[in-house]
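**Q** One letter stands for each residue in the lines below.
Number of protein chains: 2
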Amino acid sequence: MTVPVATTAAPSRAELAERLDRVRARMRSADVDVYVSFDPVNIYYLTNFANYVHERPFLLVIPLDGLPVMVAPLLETSHVRARAGCDLAYATYAEFPAPAGANWFDVFRTLIPTEARVGVESAMPIGIFERTPGTKVVVDVIEEARLVKTPYEIARNVHACQIVTAGHEKLLQLCRPGVPEAVIYGGVTQFMMAMVFRDIPTANIMVTNAKAAVWPPSISFDPHRIPSLGMPMENGGPHVSIVTAQVDGYGVELERTFFLGYVPEWAAAPFAAMLEARATAYAMARPGAILAEIDRAVRAVIARHGYGDCILHRTGHGFGITGHEGPYVALGDERALQEGMLISIEPGIYVAGRGGFRHSDTVLITADGCVSLTQAPETLEALTIA
Amino acid sequence: MTVPVATTAAPSRAELAERLDRVRARMRSADVDVYVSFDPVNIYYLTNFANYVHERPFLLVIPLDGLPVMVAPLLETSHVRARAGCDLAYATYAEFPAPAGANWFDVFRTLIPTEARVGVESAMPIGIFERTPGTKVVVDVIEEARLVKTPYEIARNVHACQIVTAGHEKLLQLCRPGVPEAVIYGGVTQFMMAMVFRDIPTANIMVTNAKAAVWPPSISFDPHRIPSLGMPMENGGPHVSIVTAQVDGYGVELERTFFLGYVPEWAAAPFAAMLEARATAYAMARPGAILAEIDRAVRAVIARHGYGDCILHRTGHGFGITGHEGPYVALGDERALQEGMLISIEPGIYVAGRGGFRHSDTVLITADGCVSLTQAPETLEALTIA
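If you read the protein sequences in the order shown, they are chains A and B. Using my numbering, the first residue of the first sequence is number 1, and each one after it goes up by one. Using my numbering, the first residue of the second sequence is number 1, and each one after it goes up by one.
Keep in mind that the hints were calculated from the coordinates and are not lab data. As the structure is a prediction and not an experimental result, all values here were calculated from the model. Warning: the hint list may mix true and false statements.
It does not matter which identical chain is used: a pair holds within one copy or between any two.
What the hints assert, rightly or not - With a straight-line Cα cutoff of 20 Å, these simulated SDA-like cross-link-like pairs (lysine to any residue) come out:
#1 Lys-211 / Gln-190
#2 Lys-211 / Phe-191
#3 Lys-170 / Gly-332
#4 Lys-211 / Gly-340
#5 Lys-211 / Pro-287
#6 Lys-170 / Glu-55
#7 Lys-136 / Ile-112
#8 Lys-136 / Ala-123
#9 Lys-136 / Leu-111
#10 Lys-211 / Ala-182
#11 Lys-211 / Gly-306
#12 Lys-211 / Pro-113
#13 Lys-170 / Leu-88
#14 Lys-136 / Ala-14
#15 Lys-211 / Leu-174
#16 Lys-136 / Val-61
#17 Lys-136 / Ala-382
#18 Lys-211 / Pro-201
#19 Lys-136 / Asp-65
#20 Lys-136 / Ala-352
#21 Lys-211 / Tyr-52
#22 Lys-170 / Asn-209
#23 Lys-170 / Tyr-52
#24 Lys-211 / Gln-173
#25 Lys-211 / His-54
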């Protein structure tokens, strides 16, 4: 596989039909007659229609043949018809909550024969599961179908990577000691959103966002402690950047460890260990490689450098519709990489109270290895900003 | 109840303890020994810690006495400790997915005796429900506790209403024929976000957002068809605005039907019908009023004006932590309003292919009636912009 050229076109009917075929093949393997999708990400993957979860459920009921049926509230049916990129049948319910006999479950249950074997997502809420007829099987066939991207999907992610690559460049220009987080968050987010709407004026804002932030050294050891906007950038480092975007429905990320002005003496060694761990993952990432083995090798490199206690997370995760999904480059994921998967490679070292070290890229698995779709400086020299 | 003065202070320990007491009282009524919360909104309500749902679950295990236990990944425990506003016990798991014996469910299941009666949310994913020990009871005790706001919560929502009130004023200044949606969305969103961070420099961005958009007449008949950013505003109307915000964890909204330059002749009658339907709801909204009866009366007013076929949704919904929650001013909600509830009053009339008519406000139920916490022009005259 060569890296596809970026595209911003909406998915064709053929593309959405291919995705449905993939799901149906897995439904047959799982021996289910009907599949019910509640997860808005999965519904978007199959239909190009985006919703967010609220008390009025959207449910896509997928038979092995014939049109999928969208169960949606009256309020939304015109919206679904306007946005869906494929043919659907519709089953409309009045409102939530409705008087007895007119609720979503009254409509929903008529669509599924009681003798059917019905596949459902592990994310399905118990309140919906309990009202789903048939013999239920929890099986994530749509997540499985999403693991290997179509060429079209990759071309969309390539475009999204151009946005975060430009956003990260902007971030490194703005980030100086004393600059508050708000300037970076506001400036880079707006810069990227402007790029998105320049490239895709009709981008669906329900599946579009772009975010950029820097964890200054006072919190970079705690990778999920979202900074507050008044927090100033500091002299030295390590600072850790996060630039993520979901661009009209396709998610990616780019992150770097960097320094402002100088590198504290203690920080060079963990930075070098992180680079070596990262190089180990890149060298192993190819079709057939077992995800758990990559994570194990990465952890061994970090431990050999003496930072085994500074590992807080796995080596990476998948991308696609979202910026955070399967497969997982994690000790517990025994699956093999395949050509056309998209993963992050982002081993991290977190020295408690002192600072964190992590680069992350959006990486495509190719026929014989991998290639990063995001670009930013990588070395300590290039990431020490005067 | 008088309307509390706006506050932006973080919730005190006493406030969070009061919320936990409310939940425990309902746990006792529901005869459960332990409650498990997965919903990030409910976890935020009880702890002031915000997370978003991804494949690594956060689970709050609440016994009848003693500290609630937060089940969280290693990656997040420092983050939770930094943000939680109350004392918690912690149960940490390694990663997702982890090797056998080290996953979230291995830790989680040790926290609950198999003989316990365990309450769970109807939103709990089946994949977590299946791994929850004990005799399970689906009961939404935290949603029930959230229905009536504490004075502190109302004071936070009062502040959030100041933001959307100012945002809506800005929106009406920017909205002119030919102006693209992007200018309104970008301008008003940034204006409101600047206000939020002026007032609350430490606002948690995981539970902070502000959005403003206008549905021009070409789509205002379809209330959930999110406009695209290239869409220009038009001469005439009806345009329908939506200004919403979640301000450091407290959600509200303000919406208006308005016209640019002139009012098409056909539009005056449905506008008047909408105003009358709205006045009906305001007149009925007081403690003891049955929600379904308000919606029934509102629908009758709209039908009497000849627009019965133009109703797409209920009269309103609740506010609190989010901008969209129970109770529901809907035919199917037989509960009574209580002092301290916050609801939207937003009956809508949607003339297919021609335009929509809806005002929405964030309304507090007081001891003997109700009061809107949001302010914007209401009449056809005031909403016809030269």
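**Q** Between Lys-136 and Ala-352, at a C-alpha cutoff of 20 Å, which is it: within one copy, between copies, both, or neither?
**A** neither (46 Å within a copy, 39 Å between copies)
**Q** How would you classify Lys-211 and Leu-174 at a CA-CA limit of 20 Å: within, between, both, or neither?
**A** within (15 Å within a copy, 25 Å between copies)
**Q** Have a look at Lys-136 and Ala-14 and pick one of within, between, both or neither, based on CA distance no larger than 20 Å.
**A** neither (30 Å within a copy, 44 Å between copies)
**Q** For the identical chains here, do Lys-211 and Pro-113 meet the 20 Å Cα criterion within one copy, between copies, both, or neither?
**A** neither (45 Å within a copy, 42 Å between copies)
**Q** Given identical chains, is Lys-170 near Tyr-52, meaning Cα to Cα at most 20 Å, within a copy, between copies, both, or neither?
**A** Neither way: Lys-170 and Tyr-52 sit 31 Å apart in one copy and 27 Å across, limit 20 Å.
**Q** Go through the copies and call it for Lys-170 and Asn-209: within, between, both or neither, with a Cα cutoff of 20 Å.
**A** within (17 Å within a copy, 23 Å between copies)
**Q** For Lys-211 and Gln-173, with the copy left unspecified, which applies at a CA distance of at most 20 Å: within, between, both, or neither?
**A** Classified as within: same-chain Cα gap 16 Å, cross-chain 28 Å, threshold 20 Å.
**Q** When Cα atoms must be at most 20 Å apart, do Lys-170 and Gly-332 count as within-copy, between-copy, both, or neither?
**A** neither (37 Å within a copy, 51 Å between copies)
**Q** Evaluate Lys-211 and His-54 at a C-alpha cut-off of 20 Å and name the case that applies: within, between, both or neither.
**A** between (24 Å within a copy, 17 Å between copies)
**Q** Measure nothing new, just compare the shortest in-copy and cross-copy C-alpha distances for Lys-211 and Ala-182 to 20 Å and report within, between, both or neither.
**A** both (12 Å within a copy, 18 Å between copies)
**Q** Can you give me the call for Lys-211 and Gly-306, within, between, both or neither, at a CA distance of at most 20 Å?
**A** neither (33 Å within a copy, 47 Å between copies)
**Q** When no copy is specified for Lys-170 and Leu-88, does a C-alpha distance of 20 Å or less occur within a copy, between copies, both, or neither?
**A** neither (42 Å within a copy, 40 Å between copies)
The structure is inconsistent with the numbered hints 3, 4, 5, 6, 11, 12, 13, 14, 17, 20, 23, although it conforms to all the rest.
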